[in-house]
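Enquirer: So the protein sequences, as listed, match chains R and P. Our numbering puts the first residue of the first sequence at 1, with every later residue one more than the last. Our numbering puts the first residue of the second sequence at 1, with every later residue one more than the last.
Calculated directly from the structure, the hints in this document are not laboratory data. Misleading hints may appear alongside valid ones.
Some chain P residues close to chain R (C-beta under 7 Å, calculated; not the full set) [unchecked claim]: (1) Gly45; (2) Val50; (3) Arg72; (4) Pro73; (5) Gly74; (6) Ala75; (7) Leu78; (8) Pro163; (9) Gly165; (10) Ser196; (11) Gly200; (12) Glu202; (13) Glu290.
Pair by pair, the computed Cβ-Cβ distance ranges are [what the hints assert, rightly or not]: (14) P:Pro237 with R:Phe188: 33 to 41 Å; (15) R:Arg391 with P:Asn277: 53 to 61 Å; (16) R:Lys246 with P:Glu290: 40 to 48 Å.
Counterexamples of contact, computed for chain R against chain P with all Cβ distances above 12 Å [said to hold, decoys possible]: (17) Leu176; (18) Lys289; (19) Ile447; (20) Asn451; (21) Ala473.
Quick caveat, the model's predicted, so the values are computed rather than measured. Glycine residues also receive a C-beta, built at the ideal position from the N, C-alpha and C atoms.
Single-letter residue listing:
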Amino acid sequence: MMIGLSEILELGLPLVLDPSVLLLAVVGTLTGLFVGAMPGLSSVMAMAILIPLTYRMSPQQAFGLLLPAYAAGTFGGAISAILLNIPGTGAAIMTTYDGYPMAQRGQAGYAIGLSCVYSFVGGIASAVFLAAFAPIVAHWAIRLGTREYFAVAVFGLAVISYLSSSLIKGLLGGALGLLLATVGMDVFTGVSRFTFGRAELAGGLEFVPVMIGVFGLGEILHTVDAGTREGAQLPQKIGRMLPELKHVLRCIPTAIRAIVVGMFIGIIPASGPTIGAVASYGLEKRIGKRRDQMGTGVPEGIVASETANNAGTGAAIVPMITLGIPGDAVTAVLLGALMLHNLRPGPALFTQRMDVVASIFILFFLGNILFLVFGLLGAKFFVRVLKTPQRILLPIVAALCFIGAYAARRSVFDVHVLVLFGVFGFLIRKIGITPAPLILGFILGPIVESNLRRGLITTGGSVSAFFARPVSALLLTLTLVLLFSPLLIRLAQRLHSALQRQPGKGASD
Amino acid sequence: MKKLIVLSIALAVLLSANVWSRGEPEPEVAFPTREIEIYVGFAAGGGTDVLARRIAEGMEPELGVPVIIDNRPGAGGLVAVQQVVNARPNGYTLAIILGNQFLQKHFKQADAWMDPLTEVTLIGVFNRDAWGIAVPVDAPYDTFSEFVDYARNNPGLPVGSGPPGTLYYWTWQAVVAHTGIDLTIVPYEGTALSLSAAAGEEVVAAGAGPGEAASLMDAGLVKMIGVAAEERVSVFPDIPTFREQGFDIVIGPWRGLVGPAGLPDTVRDRLANALENAYNSQRFQDFIREQGHGPFFRGPEDGMGFFREEDTFFFDLMDAQGQAR
Numbered sequence: 001m002m003i004g005l006s007e008i009l010e011l012g013l014p015l016v017l018d019p020s021v022l023l024l025a026v027v028g029t030l031t032g033l034f035v036g037a038m039p040g041l042s043s044v045m046a047m048a049i050l051i052p053l054t055y056r057m058s059p060q061q062a063f064g065l066l067l068p069a070y071a072a073g074t075f076g077g078a079i080s081a082i083l084l085n086i087p088g089t090g091a092a093i094m095t096t097y098d099g100y101p102m103a104q105r106g107q108a109g110y111a112i113g114l115s116c117v118y119s120f121v122g123g124i125a126s127a128v129f130l131a132a133f134a135p136i137v138a139h140w141a142i143r144l145g146t147r148e149y150f151a152v153a154v155f156g157l158a159v160i161s162y163l164s165s166s167l168i169k170g171l172l173g174g175a176l177g178l179l180l181a182t183v184g185m186d187v188f189t190g191v192s193r194f195t196f197g198r199a200e201l202a203g204g205l206e207f208v209p210v211m212i213g214v215f216g217l218g219e220i221l222h223t224v225d226a227g228t229r230e231g232a233q234l235p236q237k238i239g240r241m242l243p244e245l246k247h248v249l250r251c252i253p254t255a256i257r258a259i260v261v262g263m264f265i266g267i268i269p270a271s272g273p274t275i276g277a278v279a280s281y282g283l284e285k286r287i288g289k290r291r292d293q294m295g296t297g298v299p300e301g302i303v304a305s306e307t308a309n310n311a312g313t314g315a316a317i318v319p320m321i322t323l324g325i326p327g328d329a330v331t332a333v334l335l336g337a338l339m340l341h342n343l344r345p346g347p348a349l350f351t352q353r354m355d356v357v358a359s360i361f362i363l364f365f366l367g368n369i370l371f372l373v374f375g376l377l378g379a380k381f382f383v384r385v386l387k388t389p390q391r392i393l394l395p396i397v398a399a400l401c402f403i404g405a406y407a408a409r410r411s412v413f414d415v416h417v418l419v420l421f422g423v424f425g426f427l428i429r430k431i432g433i434t435p436a437p438l439i440l441g442f443i444l445g446p447i448v449e450s451n452l453r454r455g456l457i458t459t460g461g462s463v464s465a466f467f468a469r470p471v472s473a474l475l476l477t478l479t480l481v482l483l484f485s486p487l488l489i490r491l492a493q494r495l496h497s498a499l500q501r502q503p504g505k506g507a508s509d
Numbered sequence: 001m002k003k004l005i006v007l008s009i010a011l012a013v014l015l016s017a018n019v020w021s022r023g024e025p026e027p028e029v030a031f032p033t034r035e036i037e038i039y040v041g042f043a044a045g046g047g048t049d050v051l052a053r054r055i056a057e058g059m060e061p062e063l064g065v066p067v068i069i070d071n072r073p074g075a076g077g078l079v080a081v082q083q084v085v086n087a088r089p090n091g092y093t094l095a096i097i098l099g100n101q102f103l104q105k106h107f108k109q110a111d112a113w114m115d116p117l118t119e120v121t122l123i124g125v126f127n128r129d130a131w132g133i134a135v136p137v138d139a140p141y142d143t144f145s146e147f148v149d150y151a152r153n154n155p156g157l158p159v160g161s162g163p164p165g166t167l168y169y170w171t172w173q174a175v176v177a178h179t180g181i182d183l184t185i186v187p188y189e190g191t192a193l194s195l196s197a198a199a200g201e202e203v204v205a206a207g208a209g210p211g212e213a214a215s216l217m218d219a220g221l222v223k224m225i226g227v228a229a230e231e232r233v234s235v236f237p238d239i240p241t242f243r244e245q246g247f248d249i250v251i252g253p254w255r256g257l258v259g260p261a262g263l264p265d266t267v268r269d270r271l272a273n274a275l276e277n278a279y280n281s282q283r284f285q286d287f288i289r290e291q292g293h294g295p296f297f298r299g300p301e302d303g304m305g306f307f308r309e310e311d312t313f314f315f316d317l318m319d320a321q322g323q324a325r
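With the rest of the complex left out, here is chain P (with noise of 0.2 Å):
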């Protein structure tokens, strides 16, 4: 009997501590108290790597606390955004996600993916590159109108692109989808093998972005015949735009700000408004002009819709190939 009162006090301690801890509002503390990490689904030192250390270096002042970059390298970045799928709803545990994550979200081949719709919080979208096409230097056509009439004419033509399941290969397959045209897409490993692929004439033409194609454009091997921004690139100003040649594809790499699904939203606003102002920077204002990165900015209201679209569109082009899930 008394072994039975003393374990229904145990219990009944454990059952209000289960209660206690669910009831209680989280204590309204100031947000952030502690460091903050972002993962990075890419190895330090690459490109994502690298935006995203200049994005974490502007809103460190701005939150007080230190912003950590940690890199999960892993999936075409999957893996640092897996994680924080599962990680505390906080603010603490961050990661940069990629358009590659909704591609992975409606390839049927793909057996690893999440929806960025659900399972995440938007913090924000801080960057879209151009997509471009090098060529190499003394090939026959100088512009993408150029090009796709060459390509008419000699259908099947190898291109340089990456593994399906990347953007760098639906890129391609936006530009086929398109055009119209015939092309033989040739996945590479990289796009720095792409490139030198191009250089070397194994293929007539590489999918890169500018800032990827640069040194090899100084090098004089290869020339781009075009930019896939709506804009004209601030460094690359003789580079013309798709859509002034008459082709409406506007496609690239972007990347974005997430925290778990959940994430309160005076935490967001928080993270959001920080991200915001760490974009405006001069400094990193300058570092994209200076590299080639593309300026694109969107908040947690309007990344949404921002998402969504990117969501339809990848889903439209894989249906299209019977690639869709």
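Okay, chain R solo, but in the shape it has when bound (with noise of 0.2 Å):
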């Protein structure tokens, strides 16, 4: 079952070429960009601050102001990955590795451009991708389970071997976050684990205290630090803002890359895109032509880690409209806000109010573009940021994360859960642990335990049976070669010298 485009825009646009729905938008897209952009407001929070202004709209109006701040909000994350090394949601975590030092090196509105514009053709790929073939791709996401989800997670936990310049203390950080993320009721027993009982634990330690606790407050005592001792200054300089085309046709095989792996782990049901743009920077960092340089501040780093969270957005609507199945917290809202409007959805969403659809996908369309533009034109607004001074600029970034922590769930107590990790984060930060490790463990534990043990409980035992599905097995391959082929790599040049050194040896057979 394939939707006609014809179809989608006779439908889809009178309801869309609404004044209030056009105006909603450019809202939802501005209101996504600054939360985005925000470190410590990430784009749950922009939905979920948004959708009770949706209770009383039209359908169209909702989506026309939650979609556009969805798509916004996931490249709005870049803004103070690059600026400030605090990415701005979780699915910019990567975009700090080459983000912060491009701006180091006053290339940060070339950095902020470039994110712009491979979110949009990651969100726009996937936009095409979630308008075309939705209900078919579906119905193949639904046979993915347990065992799939465990292989990606591993995946993931596998490219933190590759994130730090030294091996043992990514290896260190990674534990870290696993430890971390034992914390709460455990899925299949019940049993409280380090929740002192306190019930604002039971579920684990929340994710955004502790991300911008380690990110931001860490990076603002870190830097504070530096600067007393050093007189350290963030750069002034500011540089070009737009990307040279060459440099943006240069990246166009990374983001072929990173829009394939986005969308594959984007439309798996419960992992979203995090997760993508984690695994789309490991790939870039294995098979792609600059590997070498990744983390040093190389464009392909960037556009590795956006284009894949944007291109996961679109796909992991697909589960959540065709079959009610959200594949991260933003899609759970956009599903709540479905059934607002007493909308459910299902096939029966596409058969009887394709209009609604139809409203979607252009919507979502339509965010994309609007990001591009703000994006575009704010970029040198953006970038005054980096001439603030650090003694006004620093305390803006900290109030900004004590409200980010208590806003998530109104509590006090994660605001003592951001303290805490603030000056964890800055202590792990003093011998050498970087922050991405850790929050990577951290998102990830969960994923890697839950479904290891539940996919031994279905199949009673049997270690084998990870490797019997095709996608589990083709993830949990690349996991392996991943991490032994730089081992068999050594192995095989040493060899290769050793036979070279004994010619006769060598040439003989």
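Hints in hand, dock the two standalone chains.
Expert: In structure tokens form, the structure reads like this:
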């Protein structure tokens, strides 16, 4: 079942081309950009803020507000990742690796422009994919289950070993993240682990205060500390705004890989854009043309991350709109928006309310165009952040971190968590552990743990069953290759040079 | 000496303030005079959130003040209720309570809980959903009784549930206790995940409300073999109840409105009246019918009877498994 373009335009355009819907789309885009770009405020929060407003709107108005906010928020996370080394949303974690070094070299505007263009490319690719193949792909994706989720998460964990200049410190950070992920009620036995009798910890440590603590507050403390000791300052140079065309073109192969990976992972129910960006970055670091320079501030690193996370947005909508299965926290909010309007996702929506489906497609498309326009226009304003003196900038960012930690659950407890992890993030930087492996361990830990245990329960304890399904077999094999190929290559090189040193023996056979 | 006098005057003022603030009864002003907050222990956009927003919307015109939903997610709704337990009992801070809170009270493994029988004032229960069983569409059974027979011949079948300590885990335990079949209960982090596991045939069945499974039913991926309700769910008239099939199992998630313990009767009754009228409004009734939610109402008095029944039910269920506190 494919949906015709003409049908989408015919049914959807009249609904979308309504001044109120268009105005809301602009409001949604700006909110998404703002909230996404603010360290501490995530795109989930943008949606949570906006959804009560949609309560009395028409479905088109509601999605006109929400979908552009989702698309723009996913891009917006890159802005603070590049400027401040603090990812604005979880999906932008990988963008810090090359974005921030570029900003330090005075290429902040260039880096933002590049993420904007390639976020747009990823988003549009996934919008086309969503509109064309949603129902077919959803039926394939629903067959994926526990073992595939496990394999995806293990692949993500393997990427951690590539992230740090020091393998040991990278793995140490990842292991700390996995340890933190064990907090909360055990899904299989109901036993409380490290909760100290607090209801707030029953569901585990909240992602938002931990992430903005380690990344945000930790970075601020680190900067203040470095500044007081060395008198260091953030770079004040801004550089050119728009990326040069040849640089944009150079990244096309990277973008194609990122789109494939981002969409593939995004469509698996319950994964979402963050893991897609991680996997894409890891793949680029393994097979990309500039793999050796990744992490030092190369455009390919930004493109691998930003294209993939936006490619994941449209893909994550697929299982939500066709089967009512949300891919991440944001699509869960979108599902709620459908329910609020008495619309039930599924094939019935595609047959009975094709007007709603068509307007969702068009609005998602529109959202991507809007953030491209506002992102490129706004880039020169965003980079002015770097001109702000640190004694003014850092307290503002710190205040945003506190607001973000509190507002997600209106919880003072989470503010304590923020402070704790801010200090923790500062201390691990002191010993050379970077925050990204830790946060990835924290995100992926529960997915790996519960899907491994669940997979073993449903298959009667069979480990080989994890290799019995094509997708999980492929991903697990890729993981093994990723982990052991450096070792094998080194062994092969050593063998090769050993053979060359004894030419007589090598040449005789 | 002078200092001593000043000090004793100061102390007297302090003490009198204390007596005055305690002794004076709350002035008899009409309730409510300002906005009322309802804490919802789940994120915006979820099933409980949407229901709470609909009921709050209906209460607004009744009370003549804004009724605001405040999402404070955590621990299956417990975080929100705990905050209300510690709030001032003046009727301006309320929370949505669920059956989960009774489970947490009795579940041996849970280390955070409150007692809904003593620590809150019940205003009313305004919804009860039917729990049901969804199976892959080409499963070799179409009804619950066929499923039970199949499970008797194939012990240890994996079924998808929520984590222990949540309602959707103990609903399966109730099925096991009632029928004596041997199932492997596989916990999933949410109903969406366990349902998609059933659709993908990773498990032979998943526990879910018909409203939750509706999209997958429409897609032709799952079918429902029964619901644990007293009557068939009106928008899904083809799904038989367990009771019709000879199994007396009635169980499902419900939502109630509570305030802190010690809420004055006048305030409680005013709120209960508004809640009942909001529940009976055409708009709310249409909403729950269309979404496949179950109708159910208990006011403050008979609601306490319902609370005690739930309390005993979950204690007995857990006690039989050696899991009760």
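Enquirer: With reference to the structure, classify each hint as holding or not holding.
Expert: Comparing the hints with the structure gives:
Interface restraint check: Gly45 (chain P) against chain R, minimum CB-CB distance 2 Å, threshold 7 Å, status holds. Among the interface hints, the one on Val50 (chain P) holds; its C-beta lies about 6 Å from the nearest C-beta in chain R, closer than the 7 Å criterion. With a least beta-carbon distance of about 5 Å to chain R, the hint placing Arg72 (chain P) at the interface is held under the 7 Å criterion. Interface hint at Pro73 (chain P): satisfied, since its Cβ lies 6 Å from the closest Cβ of chain R, which is below the 7 Å cut-off.
With a cut of 7 Å, the hint placing Gly74 (chain P) at the interface with chain R holds, because the nearest CB-to-CB distance is about 6 Å. For the restraint placing Ala75 (chain P) at the interface with chain R, the shortest Cβ-Cβ distance is roughly 4 Å, inside the 7 Å limit, so the hint holds. Because the beta carbon of Leu78 (chain P) sits about 5 Å from the nearest beta carbon in chain R, less than 7 Å, this interface hint is met. Checking Pro163 (chain P) against chain R by beta carbon gives a least distance of about 4 Å; that is within 7 Å, so the hint holds.
Interface restraint check for Gly165 (chain P): the shortest CB-CB distance to chain R comes to about 4 Å, inside 7 Å, so the restraint holds. Nearest Cβ of chain R to the Cβ of Ser196 (chain P): about 5 Å, under the 7 Å cut. The hint holds. Taken as an interface hint, Gly200 (chain P) checks out: its beta carbon lies about 5 Å from the nearest beta carbon of chain R, inside 7 Å. This hint holds: Glu202 (chain P) has a C-beta 4 Å from the nearest C-beta of chain R, less than the 7 Å allowed.
This hint holds: Glu290 (chain P) has a C-beta 5 Å from the nearest C-beta of chain R, less than the 7 Å allowed. Taken as a hint, the range 33 to 41 Å holds for the pair Pro237 (chain P) and Phe188 (chain R), whose Cβ atoms sit roughly 37 Å apart. For Arg391 (chain R) and Asn277 (chain P), the Cβ-Cβ distance of about 57 Å falls inside the hinted range of 53 to 61 Å, so the restraint holds. Checked against the given bound of 40 to 48 Å, the beta carbons of Lys246 (chain R) and Glu290 (chain P), roughly 56 Å apart, lie outside it.
A cut-off of 12 Å between C-beta atoms confirms that Leu176 (chain R) is not in contact with chain P; the least separation is 23 Å. Every C-beta of chain P lies more than 12 Å from that of Lys289 (chain R), the closest at about 38 Å, which supports listing it as non-interface. Separation of Ile447 (chain R) from chain P is inadequate, the least Cβ-Cβ distance of about 9 Å not exceeding the 12 Å criterion. The Cβ of Asn451 (chain R) sits about 10 Å from the closest Cβ of chain P, inside the 12 Å cut-off, so the non-interface label is violated.
Distance to chain P confirms Ala473 (chain R) as a non-interface residue, since its nearest Cβ pair spans about 16 Å, more than 12 Å.
Checked against the numbered hints given earlier, the structure breaks hints 16, 19, 20 and satisfies all the rest.
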